[in-house]
Amino acid sequence: MDPARKRSIRLVVALTAALLLAGGLVYTSFSAGNPARSPSELIAATDPGKTYKLTGKVVNGSITREGHTINFRVRDRTGTASIPVTYTGAVPDPFRDGREVIVTVSRKSGDVYAGARDSLITKCPSKFTAEKTGASPT
Amino acid sequence: MEIVGRAALFLALAVCLYGIAASIYGGVSKRREWVDSGRRSVYALAIVLTVAFAIVEVAFLTSSFKYNVVAGHSSTTTPTFYKASAMWSSQEGSMLLWVWLLSLWSSLVTFLTRKRMRDVLPWATAALLGYGLFFTGLLVFFVHPFATTAIVPADGAGLNPLLRYPAMMIHPPMLYSGYTLFSIPFAFAVGALIAGRVDAEWIRSTRRFALAAWLMLGCGILLGARWSYSELGWGGYWAWDAVENASLMPWLTGTAFLHSVMIQERRGMLKIWNVSLVLLTGILCILGTFLVRSGILDSIHAFGGSTLGVPFVVMLGAMGIASVGLVVWRRGMLKSEHRLDSLLSRESIFLGNNIVLVGLCFVVFWGTFFPLISEAFTGDETSVGPPWFSRYTVPLALVLVLLSGIGPLVAWRRNTASNLRRTFAIPVACGVITLIALLPVNGVPQKPLALAMFALGAFVAGTVGQELFRGVRARRVTTGEAYPLAAVSLVRRNRRRYGGYLVHLGITVLFVGVAASSAFQHAHDVRMNVGETAHVGGYDVKYLRATGTIAKDPSGTGALMDLGAVLDVSKNGKHIATLRPSRGYYPSDDTSQGTLMSLINGEPTSEVAMKSGPLRDFWTAVSPDFAKLQPIIEQGNKVVPQGNIDAAVLVLAAISQNYQNHPPAATFRIISSPLVMWIWLGGLITISGALIALWPAPDAARRRATAGLKARVAQDLGRA
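Residue numbers (this note's numbering), protein chains in the order written: chain P, 1 to 138; chain F, 1 to 720.
Warning: the hint list may mix true and false statements.
Said to hold, decoys possible - List time: in silico BS3-like cross-link candidates among lysine-lysine, alpha-carbon distance up to 25 Å:
(1) F:Lys447 x F:Lys574
(2) P:Lys6 x F:Lys335
(3) F:Lys574 x F:Lys542
(4) F:Lys542 x P:Lys57
(5) P:Lys57 x P:Lys108
(6) F:Lys628 x F:Lys542
No lab work stands behind these hints, which were simulated from the structure alone. Please read these numbers as outputs of a predicted model, since none were measured by experiment.
With these hints in hand, go ahead and build the complete structure from the sequences.
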C-alpha cells in the first residue's frame, strides 16, 4: 500500500479511537456524577431514592453522637436554611462546627438525610487558612 | 523592615520590566551587551527577592505579629520548626515562595547557558522574567505580604495543627520547585520557537532542569500522599481531590515530555509534539497554582470573591494563546526529519507511552473540572468521585506499566522476530510465573486488575534485571572487572539509561503497592469501651486503657491536651504490636468560650499509630468522645478566672486525668492494608533513579563543550 495512504489510514483509526474514548469519558461523567445540592435546594425539591452531593457548612453546636452514628445539621454556605444529616462511621479530622463539608446523601423517612458511609469530606486545609470558627472541638 | 520589604517587591517588579525590555531589545538587535544586561537582571531579581523572603521569614521566626500574615498563620505556641515553615501556609507567603524559587532556578539556568544558545537565551530570559513579572505583580497589587496592623495582637492564630507534620512543611517548597523548574524548559521552548532554533539544542540545555522539575514535583506529590496517610485520620493516601490532581497533571505531561524528547534527540522526530508538551506542562503548572490558590473549584462563586482569580485567568489565557500562536507560526520548521519505520520500535513504544500519559492527564483534567463543565452545560454543579477516576486511570496505568517494561527491550527503528524472542523470554516468564503463583492465593483471582498489575510488575522487574545483567556481563567481557565493579561503572557511564530503568522499577513497585493496598484493604470504624475487642481482617484489637496528658505531646506539634488509647493488636493469640493512637487538642486565639476552652478549641488532629511492615500496615486512629467532657469543661470554665492560663492548665490536667481513669467509649478507625510500604519504597527507588540520571556523567563536561561545535559542523555539511 502507498505509505502516505497507510499513514492517513492509521491517523484516522487513531483519531476515531481517541474520539470514541473521549466520548465514553464525557458520557460516563455526566451519568455517574451526583448532582451537587445546597441544603435549601434539597428542601425545595428532593427525589426520594436519588443520591445527592450535599455541600454546606456544619451548623454550630448541632453535632451529637449516638454510638456509631453522628447527627449534625448542614446549612447553606451563606444563609440559615439547614437540614439534618445522620452519618455513620469515622469523620475526617477537620470535621467540626462551621466547617465546610461535602457528603453524599439520600433522603430517609421524614426530613432526615442519610449520609453514605465514608463519603463525608471536608475541604482541604490549604483552603481554610486563617479561618475563625467560634466552635468547640469534636 | 516592612518598608524595606515593600520596596524590595517594587524593585523586583522594576527589575523584571527592565530585564524583559533589555532581553527583547538584545534579541531583536542582536546586541550582546543588552542580552547580558537582561541576564543580569535575573540575578538581580534573585537578590532582591531573597531580601523580601528573608524579611518575612525573620518576621515569622521572631513572632512579629504586627505583620498580618504572621498574626494569621503563626503564634507564640507554634513550635519553632513550624514557625519557620508557617510562611507558606499563607496565600502571600506561598506566592512569595513561588517567585523566589523561580528567581533562583532562573539564575542558575541563565548562568549555565550564558555562553551557549546565544540566539535563544534573550527570549528565554524574557519569558522567565515574564513569570517573575506576573508573580511580583500579584505581590505588589493583589496580595500583600508586608501589610501591617497598627494594633499589634498579643498572639497570633497559630499554624493550622493539621499542617504540623514534617513532610507537609517540605511539601510546598518541593511542589513549587517542580512548578518553577518546569517553567525553564517552557521558557526555552518559547525562546527556541521565537529564535527559530528548533533543533534539539534547547532540549539538551534544559533536559536536566526538566528532570529535576519532574523529580521535585514527584517528591512533592509523594510527601502530600504520606501526609494524608499519617496525619489526616482517614487512612488514605490519595482521594482524587482537586488539589492533588492539580499537581498530578503537569507531572504526567512532564513524564511524557521526558520520554518523547529522546525521540527528537535521536531521530529528529516529534518536534511539534515536544514543544506542545512542554508548553502544556508550563501552563498546567500555573493552572495547578491557580487551582489551589483561587478556590475556583469550591464553586464558581468563590472565584469572584478571590483576589487572584482574574489575574491568573488572564495569565493562563496569555500563555495559551502565545503557545498556540508560536507553534502555528513555526510549524514549517517543526517538520519531522524521519518517519516511524515500524510499529514495534522504541519510538512507537515511546509514542504509545506519551498517548497514555496525555490520556491520563486528560482524564484527571476532565474529572477535576467536571463540576465547572457540568454547571456550564446543564446548570447543575455535578462532581465525579474516586470510582469514576479509577475506572479510567487503572486500565491506563496497567498499559503504562506494560509499556515501561517493553520500551527498554525493543531497539530503535526496527526489530527482528528472533531478536524479540530472545529479549522478551525472561521478562515474560517472570510475569507469567507471578501470575500462576498468585492465582491460588485466597481472594486474589477476585481482583483481576490488581492481579494484572502484579504480573506486569514482575514483567518490568524482569526487564530491568535482565537489562542490567546483560550490561554488566558485556562490560565484564570487555574490561574483565568483577561483577560489583562492573555494575557500578556500567551505571556510572550510562547514568541516564540505568537511572531511567531504576525509575521504571520504582514506579512499578509503587503501583504494585497502590494496587495491593486498595484492592485488599480491611477498614473498620468501631466504637469500643475499655476492655472490648474488635476483629479486623483476621486481627484482634483490644482497647487496653485510655490515656490523657497535658503539654506532653509526643510529636512536638504544640498540642496542649492529648487524649488517646492504648491498643493491643494480636493474631491468633500472638501479640503483634501495642499501638497508642491519640488526638491532640490545640490552643486557639478564640477566647469567646472562656480561657479554659481557648486552650483546646483549635483544630484537633489525629496522631495516627501504626505498625508498618514490608507486607502489611496496621493503622489506627482514635476519636475520643469529646461531648462527654463538655459538661466538665463548662464547669471548669466557671471556676477558672478569665485570663488565668496557669489555673486553666491545672483544671485541664484534672480533666484529662479524669478521662484516663473513667474513659467514655471512643470511636476507632482501624485499617489493615497490605504493601503500603511498597508505595514509599517505590517512591524512594524512583527518586534514586532520577538522581542517578540527573548527576552529570564523568566526561559530560568535555562532551558538552564539543557537542555544539559538532552539531554546527554537521549542519553546515548537511547544507553543503
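Outcome of the hint check:
1. For the proposed pair Lys447 of chain F and Lys574 of chain F, the alpha carbon gap of about 29 Å is over 25 Å, so the pair is violated.
2. Straight-line distance between C-alpha atoms of Lys6 of chain P and Lys335 of chain F comes to about 19 Å, which keeps the hinted pair within the 25 Å bound.
3. In summary, the hint linking Lys574 of chain F to Lys542 of chain F is supported, as the alpha carbons are separated by about 13 Å, within the 25 Å threshold.
4. For the proposed pair Lys542 of chain F and Lys57 of chain P, the alpha carbon gap of about 36 Å is over 25 Å, so the pair is violated.
5. Distance restraint check for Lys57 of chain P and Lys108 of chain P: the Cα-Cα separation of roughly 20 Å lies within the 25 Å cut-off, and the hinted pair is therefore satisfied.
6. Pair hint Lys628 of chain F plus Lys542 of chain F holds up; C-alpha atoms about 22 Å apart against a cutoff of 25 Å.
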